[in-house]
Amino acid sequence: MHFRGFFSPQAREAEVFPRLMLVISVIACVAHLSFIVLFDAIGVTVLAWANVASVLVFALAAWLTRQGRAVLALQLMGLEILLHGTVATALIGWTAGFHCYIVLIIPVAILSTVFRPRTKAVVAVGAGLYDIGLDMAYRVATPAIEVAPDTLAVLHHFNQASTLLILGLLSMAYFRLVKRAEEGLRELACTDPLTHLRNRRSAMEMAQREAAVFQRGGQPLAVVIGDVDHFKHVNDQHGHAVGDTALRAIARVLREGVREVDHVARWGGEEFLVLLPATDTGEALRVCERLRQGVQVLSTQNLGGVALPLTITLGVAVLQPGESIEQVLVRADRALYEGKQAGRNRVVLAGHEGPPAL
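Taking the working numbering, the leading residue of the sequence shown gets 1, the next gets one more, and so forth.
A hint or two may mislead.
Unchecked claim - Derived CB-CB ranges, DEER-like:
id: 1; residue 1: 169; residue 2: 59; range: 15 to 21 Å
id: 2; residue 1: 181; residue 2: 40; range: 29 to 35 Å
id: 3; residue 1: 63; residue 2: 183; range: 28 to 34 Å
id: 4; residue 1: 175; residue 2: 149; range: 36 to 42 Å
id: 5; residue 1: 326; residue 2: 194; range: 22 to 28 Å
If you are wondering where the hints come from, they were derived from the structure by calculation, not from laboratory data.
Virtual Cβ for every residue (Gly too), placed ideally from N, Cα, C.
Put together the whole structure using the sequences plus the hints.
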């Protein structure tokens with residue numbers, strides 16, 4: 001698995017809610033367009049024109065959302081819902097069901113990513129109290145405009161269906177927010193923040209899984225440990241910022257130099273681990289030589305404003321039957337040490353010592 005990009009859970013969450021607002025704005029526009037036709041047909045002209053204004057408000061809210069002004073868009077939508085629900089309820093009665101939309105302010109406020117918790121609580125409680133007050137004022141009151149019972153029934157069910165649809169969308173959005181947050185946390189837990197490669201813990205878990213596949217009769221597994229040569233000098237002479245730039249560049253070379261099925265991790269400090277499933281000794285050595293040359297090419301590039309003499313030494317070991325992943329890692333590490341002792345900037349194949357006798 002390669003990490004092509006890295007996004008925090010907060011960033012992912014921030015993407016979902018504006019999209020939800022756009023969807024709600026579109027649904028609201030369609031609903032109010034329907035109300036224009038309906039109210040014009042039954043002769044309630046004042047509400048037909050009110051719905052024209054509502055369509056314009058929600059269209060403006062959608063535009064503001066796309067412009068990144070979600071707070072103003074939410075304020076406009078909330079104000080429109082309150083006014084529209086109040087006026088419609090006062091004119092044609094509680095039975096029409098326009099008050100249902102006021103309740104939607106509560107989950108929208110709670111799920112919003114643009115308000116602080118205290119603001120969310122004030123808006124949610126305020127909307128709830130307002131709806132209760134509207135109920136007390138108009139549930140048994142005589143409507144200002146008399147509408148046929150059949151028409152009221154159509155309005156009631158339409159408003160009920162629209163409210164349930166928006167609630168369903170809000171529930172789906174909440175599920176996606178939670179799911180994306182969990183995915184983000186899992187990604188954080190297994191990702192090195194500097195290089196965006198797997199971290200040591202995640203790499204060890206993957207190594208255990210790949211070793212288990214091999215021991216069940218799978219194809220060979222090559223294990224590679226690489227260490228950047230003289231990296232301490234880079235930090236000492238050029239600073240840690242340049243060193244971090246160099247590590248990111250090396251990580252990119254390693255990640256791009258292997259297959260999708262291979263695994264690259266930051267093993268610790270300037271050490272990297274590469275797992276090559278279904279790779280025999282000869283192929284593993286060819287891959288490692290390509291990686292070594294790729295890192296050496298970085299010496300000709302300007303990293304962090306300076307030219308760095310970057311090279312890497314790689315120790316290679318191929319997992320043997322009956323051998324544990326810990327044992328093959330030890331052999332790869334010993335091969336790496338031999339490469340360091342022999343002058344660095346080379347690929348060294350580990351000898352096989354076999355698993356200890358039981």
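Violated hints, by number in ascending order, as checked against the structure | Hint 2 contradicted; others consistent.
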